[in-house]
Amino acid sequence: MRLWLSTALTAAVIAAGPALAEDTITIGFTASQTGALNNDSTAQMRGIELWRDEVNAKGGIKVGDKSYKIVTVSYDDESQNTRVQQLYTRLISQDKAQFLISPYSSGLVATAAIISEQYGKVMVTTGGALEKTYQLGNKNLFQIYTGSSQYLAGALAALKEKNPSPKIAFVYEDDPFSKSVAGAVREMSKAQGLTLALDESYAGSTTDFSPIINKAISAKADALLGGGHYADGATLARQLNEQKAGMKWITLLVAPDSPKFAELGDAAVGISVPSQWEPQVTFKPDFGPTAGAFTSAFSAKYKIEPGYHAAGGYAAGLILQHAIEKAGSVEPDKVAAVLNQLDVTTFFGKTKFSTDPKQHGLQVGHQMVLAQWQKKGGKLVKEVIWPKDAKTADVVY
Amino acid sequence: MIGIIASVIDGILIGSVYGLAAMGLTLIWGVMKVINLAHGAIVVLGMFLLYIASITIGLPAYATIPVTIVFGFAFGVMLYWIAVHRMIGRAELMSLLATFSINMVLIGLGTAWWTTSPYNVPVAMPGVTWQGYTFTGTHIMAAVLAMVIAGLLYLLLYRTRQGKAIRAVADNREAAELSGIPTTQVLSFAFGLGVALACVSGTLIATLFPFTVLSGEAYQLKSFVVTVLGGLGNPAGALMGGIALGLIEGLATPFMPVSWIPIVEFGLFVFCLIAFPRGIFAFSKA
Amino acid sequence: MIPVWLRPFPWLVVAASLLYAFVPYFADNVQLRESLLLAAVYIVLASNLNLMIGFAGYVNFGNIVFFGLGGYTCLYLVNDLHWPVMVAALVGGIAVSAIALLFGLGILRLRGAFFALATIGVNQAIQQLVINFEPWGGATGIYLSLDSYGPLGGPMQALWTAYLLIVLMAALSLLGSFVIRNSKFGLGLLAIGQNEDAAAVLGVPTPLYKAMIYSASAFLPAVTGGLYFFKSGIIEPTSAFNLQTSIEAIVMVMLGGSGTIIGPALGAFLYEELRGFLLTAQAFSNFQLVIAGMLLLLIVLFVPDGFLGWVHRRWPRTRRWLE
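Residue numbers (the numbering used here), protein chains in the order written: chain A, 1 to 397; chain B, 398 to 683; chain C, 684 to 1006.
No lab work stands behind these hints, which were simulated from the structure alone. Misleading hints may appear alongside valid ones.
As the list claims (entries may be wrong) - Stretch-level coverage of chain A by chain C, calculated; a stretch enters the list once three of its residues show a Cβ under 8 angstroms from a Cβ in chain C: (1) 88–97; (2) 111–118.
As the list claims (entries may be wrong) - Just so you have them, the derived chain B footprint on chain A, three or more residues with Cβ under 8 angstroms: (3) 31–37; (4) 214–221.
All C-beta atoms in this analysis are idealised placements derived from N, C-alpha and C, irrespective of residue type, glycine included.
Could you put together the complete structure from these sequences and hints?
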């Protein structure tokens, strides 16, 4: 229904004639409202829409001395690459989007990036940590998330503190993001002298993890790192519990950050997740809301706590808005120039983009934290356990 | 070594369910020489039946089984009269396309109603732990039920009059017609039966893993592999083929990356099609 | 028999192709180009599939494997070895045809449904192999470096060039089908399609012809795959070897009229335009499959010779020039 609203709004804007059209800025993106990625992509979309509604309520984006209302045009990409291609082409050529925000998940972001680069549009990416996307010679991509190579650094460090010689089973999804995290983990383990007892990938559509879990048991692993996205991560967590795999330490990518993960009950206890952002962080923002303000606004509107996907969506809009306002123009080149110079702190953390042409747009300012599900007074809560100076609770091993 | 045994047992457990799924496909082929390309969609239907029964209505999971069988049968008979009846005896491509169009319609409707997002039906059953490996209760229950249903099918085919009629029509339709058997009715019965089997296998699978509207395709492909292993048209062969496939998966898993297993499966599939067109377990005569 | 170049049909194809190619180009209309490009790709797939289904009577369910393999070969050569795209696509076409010949020799011994199943098996096996094949990016696939568009004058120009080339492939598919149909080879194929054993008895070299047509039906889809994925800038196993696309190609052939020349092309065009419309009319996007399925069922039940078959029956004069 939201789609009808935005499409109808756009149609109304176009129908109202050029005079009205001048007072809006059109931002296009797709979200995986259906398909395997729907859980976290919807969160991301909500973050973007919360940003849009809050800014429009205050009058819109200020360009020079005029205020422009934000109009978002979005479609359901059904978690599929082919749809992303068709829909971004449509957003650019038919819906005349002036700026783009990426879809959720590194694979889809990479696909959208090709289209946005082919047509020379500025795209702020969120929900995608894969670094390779920025190493293909782009000019107008800007990444909000910290890159995938950083994801499990904190987890390995925290684990090593509790157990200097763990037997690690590394079980990850066979997709661009997880594979790139995997590559980084292999290097880090080698550098720290840790051996991986098991190192295997599984197809993203896998629902039967018992063969791989059995292999982990055979390898006598006591720590498990990996996962991929929500659907497979949640299933893996559930089956690890059902099969009594006996892991003392489990870190899964992405999945445990969603509030929905708590539905797994006992299976969720002790599972940690590398996170781009948690509601408990205490950054002092240069502009925009504080983490607390964002969290309350989001919870009030959507009746659910925001995870980092929602925060990333909001941050993408916020950064784009700031760049447009600072540039005093909606010209892609001027906005891109501002983004290239940016070095700011928002509720999301520090944001600074790399301007090295070999990895343009890569996020180099932002840091990740490690969060863990713990049982506090019978309820499941997510606490930040790493790095030490940001933690809100101790590690549960 | 123990790891391998655990893997093999797991494989056999899940293989029985594969076998059950394939039995429907192979029965339809054997009786009317139609390859039911809507097989996957019907498996998905069975999965969602469990979801509706369990989550929406609140029936205990395993009580859904008889419901699914009856529903699947009725649905199958209806499908027969809509799409398949006119295709019997015509070029194979026609029946392939007719059943495929049913597949498209079912998946399309399913996507419109449930979208392609994942669904899960949590079923709690105590498992069996041995040497550090746990065989979940749901896996064991699914395998047991698969065998029971296969057994019931056997009784139907070999100990009842209707079963005899089915076998007669499968053997030689004209001769059966001449002997007074109402072959069209038998064909629609057999099709309903095949669909019911596919449907109930979906329900069983749904007790084990999460699923989406698109999950059926993978099981349809697995069913193809199983029917080719067991011999198209041979229900007993299908069950054995399913267990064989489960065994192969179980044996291969400890020795190679899990992502290579589908290559082995499909390679075996093509190989068996070319080398053993009547299946490795072909019991029927030439 | 009138020589091929004097018949009206091929000239119709040439004229239509020129229009198809240059109308969006001179209007600089990107939207139109995108829609027509996809339709052209399907025209290639359907027309070449028709060689197997409509002529030789063999249903190739896994026909998309040629498209995917051609795409991968081309993208790998362009991205990793920096070959010019047109050469890479051509080499992809030749390589895939050669592989098809090899596979064909094995699976063409099977008949009917067994052959159909085997082609599915081949597609799935190759998809899984590619997923595990790291030099081709494994499950991630290949992401084209944006400077690969440089030699063609930058991305915008490259997209237009890719479009024109793909339309050329579509035209070649139609003309190729036409030439084959009117040759001794084509006559032999049609005989195989009607009754293979009788054809063999009458002296048609069936194994050779079957292998030749299987291999030939792989060439243009493979080249087109290379061009299409070059234009997309990305290829990965799930979409490159998508069984559903493969089967939609069969629907297009049946829709338009299997065995005719322009039938599959018409079917492809109509189906793709319908799909494109349903896709973006968000309320309907899920019903695209339902409508396509019902369409297919109706055709199979009531109009098995497809749209062109109906046209021919209704207006018999058209048989002479609308093939």
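So, going through the hints one by one against the coordinates:
1. 88–97: holds (count 4)
2. 111–118: holds (count 5)
3. 31–37: holds (count 4)
4. 214–221: Per the Cβ count (4), the hint holds.
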